[in-house]
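Colleague: Fit chain L to the supplied structure of chain Z, relying on the hints for placement.
Order-wise, the sequence lines are chains Z and L. Using numbering that gives the first Met the number 0, the first residue of the first sequence is number 0, and each one after it goes up by one. Using numbering that gives the first Met the number 0, the first residue of the second sequence is number 0, and each one after it goes up by one.
Just so you know, the hints here were simulated from the structure itself, not pulled from any lab data. No residue lacks a Cβ here, since even glycine has one placed at the ideal position from N, Cα and C.
Cβ pair distances, simulated, as ranges: (1) 338(Z) x 262(L): 40 to 46 Å; (2) 62(L) x 279(Z): 19 to 25 Å; (3) 31(Z) x 142(L): 36 to 42 Å; (4) 279(Z) x 142(L): 54 to 60 Å.
Each chain, letter by letter, is given below.
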Amino acid sequence: MNSAVTDTMESMPDDGVMRAADGTPLKKSLARALRREKLRSFVLIAPLLLFILISFLAPIADMLFRSVQNDIVSDTLPETVQVLADWDPTSGDAPDEAVFAALYRDFYQAREQRIHTRLGSRLNYESPGFSGMFRRTGREIRRYDEAGPYKSQFIETDEDWGSVETWRIIQKFSPRYTPGYYLTAIDAESTSDSLQLKPEDERIYLKLFVRTMWMSIAITVSCLLLGYPIAYLLAHVKRSTANVLLILVLLPFWTSLLVRTSAWKVLLQQQGVINDILVWANLIDDAGRLVMINNQTGTIIAMTHILLPFMILPLYSVMQTISPSYVRAAKSLGATDLTAFWKVYFPNTIPGIGAGAILVFILAIGYYITPELVGGTQGVFISNRIAFHISTSLNWGLAAALGAMLLLLVLALFYCYDRIVGIDNVKLG
Amino acid sequence: MASALPPYASTGQIAWHYGFRVICGLIFFFLIFPIMVIIPLSFNAQDFFTFTPEMLRLDPEGYSLKHYQDFFTNPDWQQALRNSFAIAPVATILATALGTLAAIGLSQSHVPFKSAIMAILISPMIVPLIISAAGMYFFYSRVGLQGTYWGVVLAHAALGTPFVIITVTATLVGFDRSLTRAAASMGADPVTTFFKVQMPLILPGVISGALFAFITSFDEVVVVIFLGSAQQQTLPWQMFTGLREQISPTILAVAAIMVVLSIMLLSTLEYVRRRSERLRGMTPS
Chain Z
0 MNSAVTDTME SMPDDGVMRA ADGTPLKKSL ARALRREKLR SFVLIAPLLL
50 FILISFLAPI ADMLFRSVQN DIVSDTLPET VQVLADWDPT SGDAPDEAVF
100 AALYRDFYQA REQRIHTRLG SRLNYESPGF SGMFRRTGRE IRRYDEAGPY
150 KSQFIETDED WGSVETWRII QKFSPRYTPG YYLTAIDAES TSDSLQLKPE
200 DERIYLKLFV RTMWMSIAIT VSCLLLGYPI AYLLAHVKRS TANVLLILVL
250 LPFWTSLLVR TSAWKVLLQQ QGVINDILVW ANLIDDAGRL VMINNQTGTI
300 IAMTHILLPF MILPLYSVMQ TISPSYVRAA KSLGATDLTA FWKVYFPNTI
350 PGIGAGAILV FILAIGYYIT PELVGGTQGV FISNRIAFHI STSLNWGLAA
400 ALGAMLLLLV LALFYCYDRI VGIDNVKLG
Chain L
0 MASALPPYAS TGQIAWHYGF RVICGLIFFF LIFPIMVIIP LSFNAQDFFT
50 FTPEMLRLDP EGYSLKHYQD FFTNPDWQQA LRNSFAIAPV ATILATALGT
100 LAAIGLSQSH VPFKSAIMAI LISPMIVPLI ISAAGMYFFY SRVGLQGTYW
150 GVVLAHAALG TPFVIITVTA TLVGFDRSLT RAAASMGADP VTTFFKVQMP
200 LILPGVISGA LFAFITSFDE VVVVIFLGSA QQQTLPWQMF TGLREQISPT
250 ILAVAAIMVV LSIMLLSTLE YVRRRSERLR GMTPS
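For reference, chain Z alone in the conformation it holds in the complex (with noise of 0.2 Å):
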């Protein structure tokens, strides 16, 4: 021991705390190691973090932001809109010439700026016929007299500039925030004083809903219904021959979806290779040769086998942990074949069960090439509704606000699966 180390543990007050070679009290010493040891973890995981918030949860939240966003009428119509808060929409009169002075004012300066159109096409998912009337009135506002009065000309250019029911609109959307999107996407719509569903048959969005929910249940139902028996084999087979039959599940699992969902149309075709072999064994007739693409069957075939391996995969590893001799022991107690795998295995089998159909109907739901390709009109997914609001009805709010919808609903179900399973536990191949 060298003199140094000699002189601080001399210089150690005797005072019964422990100590660490420094001097420093054992306790402070362990706080530090452990406060470095948080501060590496941090350092490390913190690039990522920061990488996974500004690139993906960023976008998360902006549309979720966009989805209540509605700064689109009081931007465009600023004065209008101020005026317009003290009108009374129940008194049953169009709002005065106040308002429609102010209308003229930013309605000219929109003219200028090009963006009256924006808006035109903004009110008119809210009420056909907006978009119309914008364009009207933005081509003839420069004609226009000065001096006013407004009222009569705005009338003039299009008569819905007098109908209580076009300010009722705009008042209705002056506010920055709305929950319309969301009425919008639950087939809601709020009338003057009370809010209620529409009419059973204009009623699409909760149809889809309803449709994705029946389908992706439809897909977990037929991937358990084909998956238990493989998982059931590959369990009980020797362990290199279910390696080898391992290889058939994970091949699929690791060919390009779109691979897969060519093959899929090829056969499907109603001059495709499923149909000449039905019509070639005469199970059908050339005339009635079977529709099986672009419709919900196909789908629902299509995305069975996408997701199928989604559900073996985590049967057989649940399956696998079972001991064979549990239904020995009930076997020799006098249970039949049947009994004893209804009884004992089954029972065991359901966390995988679980775990599975819930992974491949949180896959199935949010789903969005296959049913695009194969699904026609009737075999698509709400996620093609919300594909369609972004690219080409441009009606962002509405697809941000079925997103958050999804979403939710997606998380929801995530969160059953991690009761279950853990995604610490979630593995891969």
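Modeller: Frame of chain Z; chain L shown alone:
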């Protein structure tokens, strides 16, 4: 029903034993047939999506390489292939580097809010792609990344990281911490310890994570459709448009090539897994 049939099995049991195997055989057929059928079909001499009578007679006239030739000469497909290989490796490197570091960080014993952090880092895998794509489309247009190469790369890297975290975490579970302590006690600094001791042992996890990240990006359509512009048109995107609009038989040739590619990937992964189990002293299964 178990692997071997006992000598005292009744007729019913024997029937079920073989019946069950037949059912399983049919399900395996359902799993594999759609993928395998693509390969012979891709050599079709006609522009049909079914077997022609010449093909069924095994007449050489019925087969040709013209769809492959089209794939390798058509500038659209070649550009798509180049784009895919420009995007996927960069996204993979990004995802693997960040994911490996984070997995090591998460494996330390005292990480505050561990499960919350884990949930955030895994989330790109859980959220349906269409929602990720929608959110990224809105947000990336705000910041000017929409329609750019880097926008697609960042998005794909984010989608790939959960796979890296999961695979690397799985290899770290069996990692003996006393090895790093031993290295440190013999004077190695943390960086040396990492590269000389820890890295070789977790390398299999890193490689399989990287493969997953690569395939995620290489096979991804939804996000790239929304985030990319015509200059980022990847192979899956080209296939998607091909399948939706005018279905051209070249798609079958591309699909066949991709099936071969996935067989190669699967073999690599299996090799890596066995090697890792051997290295860690487990008997390879």
